[in-house]
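> Sequence:
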Amino acid sequence: MAARRNLDSKGSPCSVAPAEQMGGYRTHTCNELAVSQVGENVKLAGWVHRKRDHGNLLFVDLRDNYGITQCVVDVSAPAFSGMDALRVESVVSVAGKVAARSPETVNPNLKTGAIELVIDSVELLSGAEPLPFHVNGTQENIPEEQRLRYRFLDLRRERLHRNIALRSKVITSIRRRMTERGFTEFQTPILTSSSPEGARDYLVPSRVHPGKFYALPQAPQQFKQLLMVAGFDRYFQIAPCFRDEDARADRSPGEFYQLDVEMSFVAEDDVFRAIEPVLHGLYQEFTDWTITPHPFPRIPYDEAMLRYGSDKPDLRNPIVIADVTSVFRGGEFAVFARAIEAGAVVRALPAPGAASRSRSWFDKVVAYGQEKLGLKGLAYVVVDEDSLKGPAAKFLPSEKRGTLLELTGAMRGDALFFICLPPAQVAKPSGDLRTHLGNELGLVEQKAYRFCWIVDFPFYELDEETKKVAFSHNPFSMPQGGLEALNTQDPLTIKAHQYDIVCNGVELSSGAIRNHSPEIMIRAFEIAGYSRADVEQKFGGMLAAFRYGAPPHGGLAPGVDRMLMQIANEPNIREVIAFPMTQTAEDLMMNAPSGASEKQLRELHIRVVPPPTKK
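Under the working numbering, residues 1 to 615 are what the sequence shown spells out, in order.
Any given hint could turn out to be false.
Below are the BS3-like pairs computed for lysine-lysine, each with C-alpha atoms no more than 25 angstroms apart in a straight line [to be verified]:
(1) Lys428 with Lys312
(2) Lys212 with Lys538
(3) Lys447 with Lys169
(4) Lys51 with Lys97
(5) Lys97 with Lys111
These aren't lab readings, by the way, just hints derived from the structure by calculation. Everything numeric in this text was worked out from a predicted model, so none of it was measured.
Turn these sequences into a full structure, and let the hints steer you where they fit.
If you want it as structure tokens, here you go:
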């Protein structure tokens, strides 16, 4: 069930169509008639949603964009044979008189449930062939390939229809909220040049410039910064972005939309203060779930990786990971002690209330760690009234037990699980085990949106393959400490003015205070292995703009589709997109991508080379 307070006002289309849309086909919509109109002659138009033959009476539920009205026709009426012959999903216009339903037949779940339309005449506007799947009802086992091939039918189904109507309302609300906060909406080019945004570009060949290509923007990154250089101060756009990357449940292949934001003369605090009320108000408008009050918590990246095992922490889960390396260093637990001596660390995960669980439950958790997380060993203890019990308890001397409980916050009735791994490898399995324990123990807060900012990201990281320094996040960000830090610090210790906004373990947006200094930008790229000439060639337009006076500026870009997933409480991003592609980036309905004619290829100076045959 979607997390929605009022389906009529929040999640469904408007209940009344504009008057100018009322033509000869209808006088009212299918969500409009009420008891006050009993006795009136009206016309409705829509799709035959459902038919029920009661012998002398034929009941027809008529559906349009706005709702459903029950219609009825007597077997003796001239319109009976016409209505009886219609398949469901045929489109008709019906005329008749509004009648009140008897008290025992009133449908309280339907806005028009107190009345029905007694049909006098029917006009068939468009017949329907037999359907590939049911549109009415709650059928959920339709193969996704079939749903996407007949997306126009899929969009008629109540849940999906409601989601797409909700999408329009959410985007309208975003625009209103941004405008009220002094932002101006701009449009930026779709055909542009390739830019290193972290994914493959979609390339568009140029007819008038043979052998050259445009790129569809992965994001309007450079353009929105150039708008700040142009002096526009506060920019936003519901921006289409294009990335040739694989699909996930929360990522659509091909294209997606984001609330693109940029501001001049700002530091991180200014960006946070500007966007938090927009996100908080948006979720509050369309849901009745509990929402983190703003200002949202700010968690440094290093702390997030330690305490939650992720830079996308789900704060609905109360489990907090602790570093307990000191407890096991030089101790009797030889496996851990040797690993620590070689540089490993130990993380402890409290499992609140788990002491009462059976031995088989602990065995299953240990097996999960081994089989799913790749952990060779997963030790644990149980906190009893005045002692520790369990397989690892005998290796913990009494003088260390108080320290352990103090570091972890574990109390009587809790359990503690221990992971020992090298520092670079420990975060992910710790975070995954935290998620597993939170779900297993029923600890994850329900019907809540928990926001936080992740700040102080590393500016650089060590590329595991090349062993060279590389950008870890956004190369256009300002390094903390500026040029002095770049010239004097170990690159791997430099932090960036970069931040992510996270909600319920989902990264909604990355953002940064931008680097607006040509010399800092050139030096930052030099450390990552780019020459001055490389930077001038790749980002010449940006550097030229910065050399003519650029304000300090920053922004972010929350994903519209991901926010909609959360607001609609949908597990898959395709449920909030009207015409999504498949996981393999195909549009089955429009047959895209498709081949091009020889004439088109000649005009573009392109020759298609067949892929190599598989051996």
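> Does each hint hold? Answer for all of them.
We went through each hint and held it up to the structure:
no. : hint               : in the structure
1   : Lys428 with Lys312 : holds, 11 angstroms
2   : Lys212 with Lys538 : holds, 15 angstroms
3   : Lys447 with Lys169 : holds, 21 angstroms
4   : Lys51 with Lys97   : holds, 19 angstroms
5   : Lys97 with Lys111  : holds, 18 angstroms
Checked against the numbered hints above, the structure breaks none of them.
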